[in-house]
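Asks: Okay, here's what each chain looks like letter by letter:
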Amino acid sequence: MTASMRVSAIHFAALSRAALAILLFAMSTMAWAALDAGLVKAIAFGENDAKVDAVTKLGASADPAALELLEALMAGEVQTAGERVLRVKDDRATDAITGERVAPVPDARDDIILNNRLRREIETALAALRLVSPNPAVRREAAKTLQNGADDAVLPVLRKAIAAETQADIRALLELSAARIELGSNDRAVRLAAIRALAQSRDPNTRSLLAPLLERKGAEFVEPDAEVRAEAELSLRRIERRFATGEMLGRIFTGVSLGSILLLGALGLAITYGLMGVINMAHGELIMIGAYATYVVQNVFRARFGGVFDYYLVAAVPVAFATSAVVGMALERTVIRFLYGRPLETLLATWGISLILIQSVRALFGAQNVQVENPAWMSGGIEVIDNLVLPWNRIAIIAFAGLVVLLVWVLLTRTRLGLFVRGVTQNRGMASALGVPTRRVDTYAFGLGSGIAGVAGCALSQIGNVGPELGQGVIVDSFMVVVLGGVGQLSGTIVAALGLGIVNKFLEAWSGAVLAKIAVLVFIIVFIQKRPQGLFAIRGRLAES
Amino acid sequence: MMGAAEPAIALRQPRGVPSVPHEVTAPAGPLLASRQPLLTPGGWMAFGVAAVIALGIVPLLNLAFPASHPLHISDHMVVLSGKIICYATVALAMDLVWGYTGILSLCHGLFFALGGYMMGMYLMRSIGTDGVYHSTLPDFMVFLDWKAYPWYWSFTDHFAYALALVVLVPGSLAFVFGYFAFRSRVKGVYFSIITQALTYAFMLLFFRNDTGFGGNNGFTDFKRILGFPIHTSGMRATLFALSAAVLMGMFLLSRAIVTSKLGRVLTAIRDAESRVMFCGYNPLHYKLFVWTLSAVMCGIAGALYVPQVGIINPGEMSPANSIEIAIWTAVGGRGTLIGPIIGAFAVNGAKSWFTQAFPEVWLFFLGLLFIAVTLLLPRGVAGLFRTRERA
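Line by line, the protein sequences give chains U and D.
Numbering-wise, this note's numbering comes out as the position in the first sequence, counting from 1, plus 269.
Numbering-wise, this note's numbering comes out as the position in the second sequence, counting from 1, plus 49.
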């Protein structure tokens, strides 16, 4: 407000001499590719609308001098001295129109004050001018700026830039901007052509351009022209067909990603549940402890080994495993051991443990979430096809989950401890009779399950918030995986986790996250009607009680 | 009340080497040798004293004595005890399914909250146009720019219909869920975990604004009930006495059930479900009956709870609340009917003291309570008295 008032004041002071000034400057020699004096004057002394108009024209001029002037204007280096417009930098002044050196620098100078609207216009104009830059990064940035706010004056520049552009992604951005401008045109033929051109677009954002054309407001369409609507619908359908594959793959990917997180959460649970027939309610908190262990390792690396900070996860994984495993074994030795054969009581006792663990973490680290940073190599993603970008951290977690499953599988099927664990899971009495130290196996297996929970926490810390309630959020889903997958075989847990992850994501796209969760729950209840022992129950004559 | 049941112990012979992790060992509760009276003469006496205190003395001390008088019971005290009495009703309901039938439910908090929400709907309707926006719609609907009540709000301005919903909604949810779960013989921890997931799903559902139950904030700012203003000492004392009467009625009903033949079958299902089946009973019907009844009891308790505390929100449905109910029952003593009531008073009394005096210690205490009770006091407080009786 004040800025524009000051501008007007300057303007009034100068207005009387304007005619004379223009005459003088028109006659002065133009030493270099001179700018249109009228435009420069308008920017310096004109009314707001005149300023905007002049900036827009400069933007469309594709003149390097215009670029320089506008950049200087944004940097606050353009000033007025009487009727002259000067570029002043480091005590050197040049005439903004002719580029001639002005010496000595006049003492009485006024700043040209830019309001927000003008700044926006200048940014757009700058972007249009930068489209011819030889540097692709500059062009990309400019193309992005032009996405919003470019008007038809820029259109010829855009067309020229599109024709000259060699980078596909920049061209896509430019085409979108051009189409956006053309869609707003008054000429029906131009609009129809733009809509048809958009059907070829490789940018997913195109849909947000076309969709408003088909919206209704009450009974009336927002767009009155029926032909435009029909054309828009056709283009939209074409685009959607083209993107359907990418979207489908993307959804499967996020489903697998969710599934791998569920798998990490449920794997340890399945081991302890399979072994002792007890659902460990504190499992979520063991995951949370793993995440906090990662946080501590990260802090140590930042403080001591800043140079190899990107590799802190290499140390964090074993530390998280060990921390959770030790806590888990301690719990088994002190509490759970005394409750064998009383699964419901164990459930309550482990819930009590989880409360204590949550409160302890709050006391140690505070109730707020803590910050766990991704290593640099995990940020960003890889573009597989047009509209499908797979983030590296998700890919890393899927691979990590696969690795953990492989290690657990080797441990359970190829080692002596694994043999004992499987034996105790299937028939505790018989295993004991054959000399398996069942008590010790219990402790180790519980430690293993808890350690896997810790590793899961390490993975979760890379994609979500780390706070005392972290475990509570994951645990219900992990339970569902165990219920669905059944006990005793890794394959059940894997299939259930991936299946639930993918089904969840597909339902989510269709009905929203909450309804998807409820639908999955209903599905599980119906499912266990058919197979009460889960997907992959060990068959045998295990008559219950 | 604790009938001597020594010979019945013989029923619980060793049942072979535990072979499966699913093995459910019965909690140590009393087994009944012969048909017991509803209450022993001593029991009736204690019952009468409780009735006089709850229905007569407490309201009288609250209403008739001025606040400065040493015998005065403060409004805060009345509301707190009224609240705990509702919790005790829930604990009693939990005991019927857990202590007597061996089903650990982790969704009793859900049934409680559903009953509360049904009553809350009536209370919201009776605010009338006194809300912040002076609309006939509740404030949260005005805020969401809704123009009319959704269909499931119809008739909720009638008190009788709201009362019917209080019974029917938790009851039918429990019936349908229980039918499918018990039919496929889901039991033990499996059942507990699925009930927990159910609670969790409902909590998420009620947190949504689109569900039409006030989302995050739930229902609050009630003004009147049946035309009477809700924030008066008289109304508080009335609701307190009503809750106490309901609890005592529920106690007698539960007592009648557990001393009946039905109760014997329930206990048998808890101890050895397969054997009950081999004897020709279908456990489904028995379990379903007691499960649904228990849910209805929770719903009624919730309906009494909401007007007293003046708010109901989805937080009541959190899985943690449901598990806490189990600990009230466990602390007091499963398999006895007085136990859960004692437990609800003890734990909630401790909670209101701790959360005022040492809020950060409360979760440690609660956690330790869970562990200590399951490890050291499997029969709860009531079990302590029982062993003393024997000795």
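Just so you know, the hints here were simulated from the structure itself, not pulled from any lab data.
None of these values were measured; they are calculated from a predicted model.
For each residue, glycine too, the CB sits at the ideal point set by N, CA and C.
It is possible that part of the hints are untrue.
[Stated by the list, open to error] Each pair of labels, with its calculated beta carbon distance range:
no., chain 1, residue 1, chain 2, residue 2, range
1, D, Asn258, U, Trp661, 34 to 40 Å
2, U, Tyr580, D, Trp195, 51 to 57 Å
3, U, Trp661, D, Val410, 50 to 56 Å
4, U, Lys413, D, Trp195, 57 to 63 Å
5, D, Leu291, U, Ala778, 46 to 52 Å
6, D, Lys400, U, Asn384, 56 to 62 Å
7, D, Met126, U, Trp661, 55 to 61 Å
8, D, Tyr182, U, Arg465, 36 to 42 Å
Asks: With respect to the beta-carbon atoms only, verify the hint that Lys400/D and Asn384/U lie 56 to 62 Å apart.
Replies: Check passed, 59 Å falls within 56 to 62 Å.
Asks: Would you say the C-beta atoms of Asn258/D and Trp661/U sit inside 34 to 40 Å of each other?
Replies: holds, 35 Å
Asks: Within 51 to 57 Å or not, the Cβ separation of Tyr580/U and Trp195/D?
Replies: For Trp195/D against Tyr580/U, whose Cβ atoms are near 54 Å apart, the range 51 to 57 Å holds.
Asks: Given a hint of 46 to 52 Å, does the C-beta separation of Leu291/D and Ala778/U actually sit inside it?
Replies: holds, 49 Å
Asks: I want to verify a distance hint. Is the separation of the beta carbons of Lys413/U and Trp195/D within 57 to 63 Å?
Replies: With a Cβ separation near 40 Å, Lys413/U and Trp195/D fall outside 57 to 63 Å, so the hint is violated.
Asks: Are Trp661/U and Val410/D spaced within 50 to 56 Å by their CB atoms?
Replies: violated, 44 Å
Asks: Can you tell me whether the CB distance of Tyr182/D to Arg465/U sits inside 36 to 42 Å?
Replies: Because 49 Å falls outside the window, the suggested range is violated.
Asks: Indicate whether the distance between the beta carbons of Met126/D and Trp661/U respects the range 55 to 61 Å.
Replies: holds, 60 Å
When each numbered hint is compared with the structure, violations occur for hints 3, 4 and 8.
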